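S.K.: Sequence:
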Amino acid sequence: MSPSVSSPLPLSRIVLFGGLIVTLAMGVRHTFGLFLSPVSQDLGWGREVFALAIAVQNLLWGAFQPITGMLADRWGGRRALLGGALCYVLGLALMALSTTPGAMLGSAGLLIGLALSGTTYSVVYGEIGRHVAAADRSRAMGMVGAAGSLGQFLMLPIGQGLIDGLGWSLTLLVFAVLVAGIVPAGLALTPASAQAGHQPPRQSARAALLEALNERGYLLLCFSYLVCGFQVVFIGMHLPSYLVDQGLDAKVGTTCLALIGLFNVFGTYLFGQWGGRWSKARLLAGIYVSRSITIVVFLLLPLSPASAMVFASVMGFLWLSTVPLTNGLVAQVFGVHYLAMLGGFAFFAHQIGSFLGVWLGGRMFDLTGSYQLIWLASIALGVLAGLAAWPIRETPLARLATQP
Numbered sequence: 036m037s038p039s040v041s042s043p044l045p046l047s048r049i050v051l052f053g054g055l056i057v058t059l060a061m062g063v064r065h066t067f068g069l070f071l072s073p074v075s076q077d078l079g080w081g082r083e084v085f086a087l088a089i090a091v092q093n094l095l096w097g098a099f100q101p102i103t104g105m106l107a108d109r110w111g112g113r114r115a116l117l118g119g120a121l122c123y124v125l126g127l128a129l130m131a132l133s134t135t136p137g138a139m140l141g142s143a144g145l146l147i148g149l150a151l152s153g154t155t156y157s158v159v160y161g162e163i164g165r166h167v168a169a170a171d172r173s174r175a176m177g178m179v180g181a182a183g184s185l186g187q188f189l190m191l192p193i194g195q196g197l198i199d200g201l202g203w204s205l206t207l208l209v210f211a212v213l214v215a216g217i218v219p220a221g222l223a224l225t226p227a228s229a230q231a232g233h234q235p236p237r238q239s240a241r242a243a244l245l246e247a248l249n250e251r252g253y254l255l256l257c258f259s260y261l262v263c264g265f266q267v268v269f270i271g272m273h274l275p276s277y278l279v280d281q282g283l284d285a286k287v288g289t290t291c292l293a294l295i296g297l298f299n300v301f302g303t304y305l306f307g308q309w310g311g312r313w314s315k316a317r318l319l320a321g322i323y324v325s326r327s328i329t330i331v332v333f334l335l336l337p338l339s340p341a342s343a344m345v346f347a348s349v350m351g352f353l354w355l356s357t358v359p360l361t362n363g364l365v366a367q368v369f370g371v372h373y374l375a376m377l378g379g380f381a382f383f384a385h386q387i388g389s390f391l392g393v394w395l396g397g398r399m400f401d402l403t404g405s406y407q408l409i410w411l412a413s414i415a416l417g418v419l420a421g422l423a424a425w426p427i428r429e430t431p432l433a434r435l436a437t438q439p
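Sequential numbering from 36 applies to the sequence shown in our numbering.
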């Protein structure tokens, strides 16, 4: 047994229930782009209002994530998962009833932002780090990440069908019922006996954070993750509206988001596998530069349903493949005792990028009637992220050799 793993659990159990949690949490979250146009039109808002609520959601998700991760590292992930699930249900229900920008900001922004910090990758990956041997860790993270991608693929056509048939408000209430399933999955992910056996680390949370912030590689990792958030949330939220603006049918946008989710299953799984064999930093660099190349080709080619779907498929393969690699790097260099917290701080950087991507997308469109400047920013930032990820050191810290 790895000395860094306490209360080992069957890999199948971790992957099954961790994957189900991420499938529900991320699957519903990825449908929010479908609500941009109907909510804005029904309530008489410009696109910036709803985009701002989702931008705040992403920012608060990231801001709460280190705190949620710290609590999960200290007491285990069960409480974070259960509290996050309850906030998610309440947030979706209140979002369905929102009729003012303030109400939408409080429900879609504040409550769901808090909910996501307790129900998504950092907390679940923290459980993987604590209960899965190091040799299987990258593979397990890739499999759970792939499950979240499968949730996106499944939920998008379901969401679009519900919006068409029930309207956006009732659809959100249906989603509230679905995410309540995180509660039993969270209880089953790690049994109470494993949580009770969780031992607090010898190093303090403050010392662990200062140690990470003094490592150049961790700061470079956070910057590259910021770019990841900027790119994927801008595309996930604004691509359907962009395609409609260019004269394509709304169903093309839904299909594209579903394709992103489908190909993300393969990309996340494969990069999780490859991260156990090859340099995680080099793989990350390749992902970011490849995204920029993909966007350039998409913008240069004549737009059609086929070109949009090819773009979505390629971007989907590169989508959340950064998640197991980034968290795997944190675990590899700093150990697993504070994986949820340190992964949470890196994710906060990701969500700063998410905030900027989704909000600036709406802001620039309202100002200029075009997404062109944000597309160009995504290209430039992808190249910079690739350059930042390439030199990240992957050697474990010396203290890990003497820590239990």
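In case anyone wonders, no lab produced these hints; they're calculated from the structure.
Quantities reported herein were computed from a predicted structural model and do not represent experimental measurements.
Heads up, some of the hints might be wrong.
Ranges of calculated distance between the beta carbons of each label pair, as one might list FRET restraints [as the list claims (entries may be wrong)]: (1) 344 - 48: 12 to 20 Å; (2) 209 - 313: 39 to 47 Å; (3) 338 - 415: 37 to 45 Å; (4) 77 - 48: 20 to 28 Å; (5) 200 - 344: 19 to 27 Å; (6) 337 - 241: 26 to 34 Å; (7) 284 - 239: 30 to 38 Å; (8) 403 - 335: 26 to 34 Å; (9) 238 - 128: 35 to 43 Å; (10) 249 - 419: 40 to 48 Å; (11) 335 - 128: 21 to 29 Å; (12) 110 - 77: 18 to 26 Å; (13) 241 - 128: 31 to 39 Å; (14) 403 - 134: 42 to 50 Å.
Note that the Cβ used here is the ideal one computed from N, Cα and C, for glycine as well.
S.K.: Are the hints correct? Go through all of them and say.
M.R.: Against the structure, the hints come out as follows:
Restraint check, residue 344 to residue 48: a C-beta distance of roughly 36 Å breaks the suggested window 12 to 20 Å. Distance hint for residue 209 and residue 313: a CB-CB separation of about 42 Å, consistent with the stated range 39 to 47 Å. For residue 338 and residue 415, the Cβ-Cβ distance of about 21 Å falls outside the hinted range of 37 to 45 Å, so the restraint is violated. Between residue 77 and residue 48, the C-beta spacing of about 43 Å breaks the proposed range 20 to 28 Å.
For residue 200 and residue 344, the hinted distance range of 19 to 27 Å is satisfied, since their beta carbons lie about 24 Å from each other. Judged by the Cβ atoms, the range 26 to 34 Å given for residue 337 and residue 241 is violated: they are separated by roughly 55 Å. For the pair residue 284 and residue 239, the supplied restraint of 30 to 38 Å is violated, since their beta-carbon distance comes to about 56 Å. Between residue 403 and residue 335 the C-beta distance comes to about 20 Å, which lies outside the given range of 26 to 34 Å.
Taken as a hint, the range 35 to 43 Å holds for the pair residue 238 and residue 128, whose Cβ atoms sit roughly 40 Å apart. Between residue 249 and residue 419 the CB atoms are about 22 Å apart, so this pair departs from the stated range of 40 to 48 Å. Roughly 44 Å separates the CB atoms of residue 335 and residue 128, a value that falls outside the hinted 21 to 29 Å. Checked against the hint of 18 to 26 Å, the C-beta distance between residue 110 and residue 77 comes to roughly 42 Å, which is inconsistent with it.
Taking the beta carbon of each, residue 241 and residue 128 are about 37 Å apart, inside 31 to 39 Å as hinted. Between residue 403 and residue 134 the beta carbon distance is about 29 Å. The supplied range of 42 to 50 Å is therefore violated.
Comparing the model with each earlier hint shows violations of hints 1, 3, 4, 6, 7, 8, 10, 11, 12 and 14; every other hint is respected.
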